[in-house]
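J.: Sequence:
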Amino acid sequence: MSHRNQDKFGAVLLQVQDDLRQLRGNLEKISLSERTTLDIQVLDDAIRKTENSIKKHAEDYLKTVTEQLLVLPSIEDIHKKTVQIPKCKTLHRKPDLDSFPDMPPQREDLPGASQREKHKSTLSMHSLCNPAHPNNRAIMYRKSGTSLPDVHKRSTNVAKPPRMITGPAGRLKPWPRGHHNLAVPEEATGTLPDTSLLCMSIQHKAASLHPRQEPYSCKIGLMGSKSLCHKQLKWEKTPGHTCEKTDSKCTTFWTTRTPPPSTSSQSMEHRSMMQAANNLISQNHQNLPVPVPVNISKYPFAITKGRMDPLAADFCLFRQSFSSCWSSVVSALEALEKLLRDFAVPMAKVSGERLVEFSHGWDSGWRTARPVIGLVSVLENWEEVLGLVSRPGQRFKGEGGIEAAAIHIQSCWRRCVARTAYLRHCRRKWAAGTISLSWLTRSQMRRVREALQARRLRQLENSRSRAQNLAANWKHIQSSKRTIIHIPSLGYSQSQRLNLREFDILQNIQINRLCDIRDKNVEVIYVCPRHLGEDILHYYTSLLVRDGATDGAESRTTEASSSVRPFIILTPEAVDYFPTRNMCLSTLLKYSPRTLKRIRHLIQGKRAYIVGGVAHVDDLAVADELGVPILGPEPAIAQLYSTKSGGRRIFKGAEVDVPPGQGDIYTLNKLHEALAEIMTQNLGVQRWLFKIDSEHSGRGTAYCDVCHLSCYSWALQEYRRHSVELWNTKWIQESVLLRYSDEIPQWLTRFARPAKTSRYPNWACFLKTFLRQGGVVEAYPPSDSVTCLTVDLLLEPGGEVTALSCGDQLHGSCQLEAIGCTVPQTSVHPETLHSICTHVGRACLQRCIVGHVSVDLATFLNHNTMEQEVWAIDLDLTYSDQLAMTQMLLMRTGGTLNCHTGCLEVPVREKYCEDQPAAKSPVVNRYAVLGSHLFHSNLSMLYHNVFLMMCKAHGIRFNMKRKEGTVFALYDSSERCRIGMITVSEDLQGALVTFARNLSVIHQEISSSKMQEETNFKALIKNIEDVLQTIVQNKLRAVKDKPAA
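Start counting the sequence shown at 1; every next residue gets the next number (my numbering).
Worth flagging that the hints you see were computed from the coordinates, not collected in a lab.
Just so it is clear, CB atoms sit at the ideal spot from N, CA and C, and this is done for glycine as well.
Any given hint could be a false lead.
Dumping the calculated DMTMM-like pairs for lysine to aspartate or glutamate here, alpha-carbon to alpha-carbon at most 20 angstroms [stated by the list, open to error]:
id : residue 1 : residue 2
1  : K730      : D742
2  : K652      : E869
3  : K475      : E796
4  : K1035     : D987
5  : K397      : E337
6  : K349      : E383
7  : K298      : D314
8  : K1018     : E1005
9  : K481      : D516
10 : K652      : D856
11 : K349      : D309
12 : K961      : E986
13 : K652      : D693
14 : K1022     : D784
15 : K670      : E743
16 : K1022     : E1005
17 : K298      : E353
18 : K597      : D624
19 : K349      : D314
20 : K298      : E380
21 : K305      : E384
22 : K756      : E817
Label pairs and their computed distance ranges (CB to CB) [claimed, not checked]:
id : residue 1 : residue 2 : range
23 : H900      : S741      : 41 to 51 angstroms
24 : R607      : G990      : 38 to 48 angstroms
25 : P745      : T896      : 45 to 55 angstroms
Whenever a hint applies, use it, and build me the whole structure from the sequences.
T.: Okay, here's the thing in structure tokens:
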């Protein structure tokens, strides 16, 4: 009786659920033609509430009867929407489901049943409680006589096949409190655990009875990205499995946690799927894992067009065989179906064993697995499916392909737009940063430039104020004790300084300025551009003894002389900081605060002024730092008039003769026009010179001979056909001028040569610099015998012009570069020379040029007039090397150089007058040869003391009693390749012979036939021989002219 009542009650429960399902199905079929709207949500909530109550009671009843976990089928969710239905007073019948009678569950007593019968009874009850089971209707009809409708014929588009967790009847062991996970035994063999654990889990896990939402399981395999975690099922393997050895039985539990449905956008889902698909396409199929083949699959089934037939016999057999682990298998199966639908796979053959194996692996370690490849690997025709999935564009042929394609296109377009905007933003940001940095740098540079300009203006004003004070007190300063600060700075432009070899030695060539101490009222502070060795310091200390009683080659300790020597040699510390920059000495001193401090201490309370070299703007900074005036022009004035063109302007203002030519040439057309014009006016000139304005010492000079001009002979014939007066008219010169204009460009290109190829190797290089810096075109003196001389002037601030030195130049290999001179000069009459120098000095004073000035002149015999002519060819606003050597000459001989008379007067001590005072010694004339730029590469093999001992052994020394002999000037202690030499004799011929002999002896001592040296000794000896020959010819001519007179 009890069994019959229980069956009836179960039939009633099933009937009620079936009625509720029919009711919900009928709601979907309501016509929408009426205007009245009805919210289905109200009905759906009522039905859902009743269904949940019935589920609870039915579950309690079935648990009591069968001791088996049962999940009832869910009624499909109806989308929340508002539809219009016809007006009606009554709908379908609505059964009263608010309450059900509580019937205590009664367990069927099977006292004598065997284990096989118990198992059959459990399976039958399980099939009865599962409406989706194919045998459900038959068992229900057999037990209760009730014929149920066929729920499998419903449309699959509305409802989804229910998910069921089933398993064989058995007992589960008790589960500790606090664990609310759904536990399913992995193996259903032997004695099963107690069901109390499963019951507790079911009661506390409400999600197990809810209808499963549409999972995007296949997306898990396609995503491979952490950005879509809201759309993923979060599978966690917890250490909640137990393994107990009880009668050789072990049970393992996997727990799953399913989060609530996410609200992330479909574009994110599609983007993740497309990214995974693209990654899958890009992979090499050879690198894909090949599933381990199963010889014979016991549970194969097919999936057609991504849909699985739940009533298929092979699938039903597979589901029944693996019911104990179906909860994990169904998730993998749904993911597989979704994947096949998304990629429009027509047919897929699934191996049941691989699917179960994959589902277990997916549950336990999905984070490190490859789900897409894993899902495909469970297929028996996996190669065909994988090739189809990997095909480009296949995703857009499947379910939602049009929407996926649209999402993909939109995402690509958004990415392109965003990328373009980002790159544009980056470019603008970079441009803004660059502009800002450039503006800040420019502003800072402008502020620094303005500060420097203000400082230099202040320094210039202070220098002018001190210069006025110096001019007002000049006579008093010259007659009183004073300190002269010698700074032999070569303030050339940076390009010129960088192209000069051994620039520091070139600045130190004027070390003989120390000889200014021959005036007892003068103390000298010499700023040296390099560190001097003890040998040079000892040499000059012995050389500059005022009493003149010792030989320069003799030894005397530096300590003994330092107490009486009135000179100090200082080297700026910045020399060590900038060893390779070729900076001028004024700049080095400017950045040497310790040296400046020491100089200020030395000149404190004394009258002092600076004698510089080539003017530079840093001279003003040094003078302002020391607070002393400069005996020299302002840097701007010196830069204007120290050029070749500036010298010609001064000479023209002084009304002295200058070579035919033109200055301030900056263009090639002007060069050709000016050259054609002056060549036409001066047909007797055989060579034309081209001089760069800013160069010096013959470095920036080129020449071209007229004999190479093809029309020159014709031009001479035209010149001879007319008189000199008539030739100076323009219309007669026009034909020659036009002919010259046509041929001069080609003539210069082929035959013009630089004088010194070390700086400018060819005419093209020279012409480029010539046009950039400007220059002059001048005539070379039209004579075979040309003598050049240099006169050093002192333009006193008080307005007086004083000649300090004059000498005829000696040349080496280059006829335009002077490396020595003979003092005093003998080529020009002293009165003529004094007149020229006075005019030039006054012209300089009118242009605010004071200090030391060097004037270069050229004299020759004009064959047309048979008169001597003197041309002013160059002007240097600096302290010259010749003047420094002259100071050493006067210091060593104790004489005076009278340029007005052209005599070097030296006091000597005669044998019978040795006991007389030096003031009463007779004065005799001497001649000297000065060589300041003697160079020999083999000199570096000898130390200075060895060199001096060698010269002394050959009789090369200076006799202080007779005031004749040889004196050397030493420049550096490291290179030792450059020296200076002075020879003094009673006549000019003897001084030249001594000089040439000394050069020959030194060359023979330091050279050998196997050594290759670089020297200018040979060229200078040859030039001296030519001068000696000229002197002999002049003497013979003078002897012949005497009897005639």
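J.: Checked against the structure, which of the hints given earlier come out wrong?
T.: Of the numbered hints given earlier, the structure breaks none, since each of them holds.
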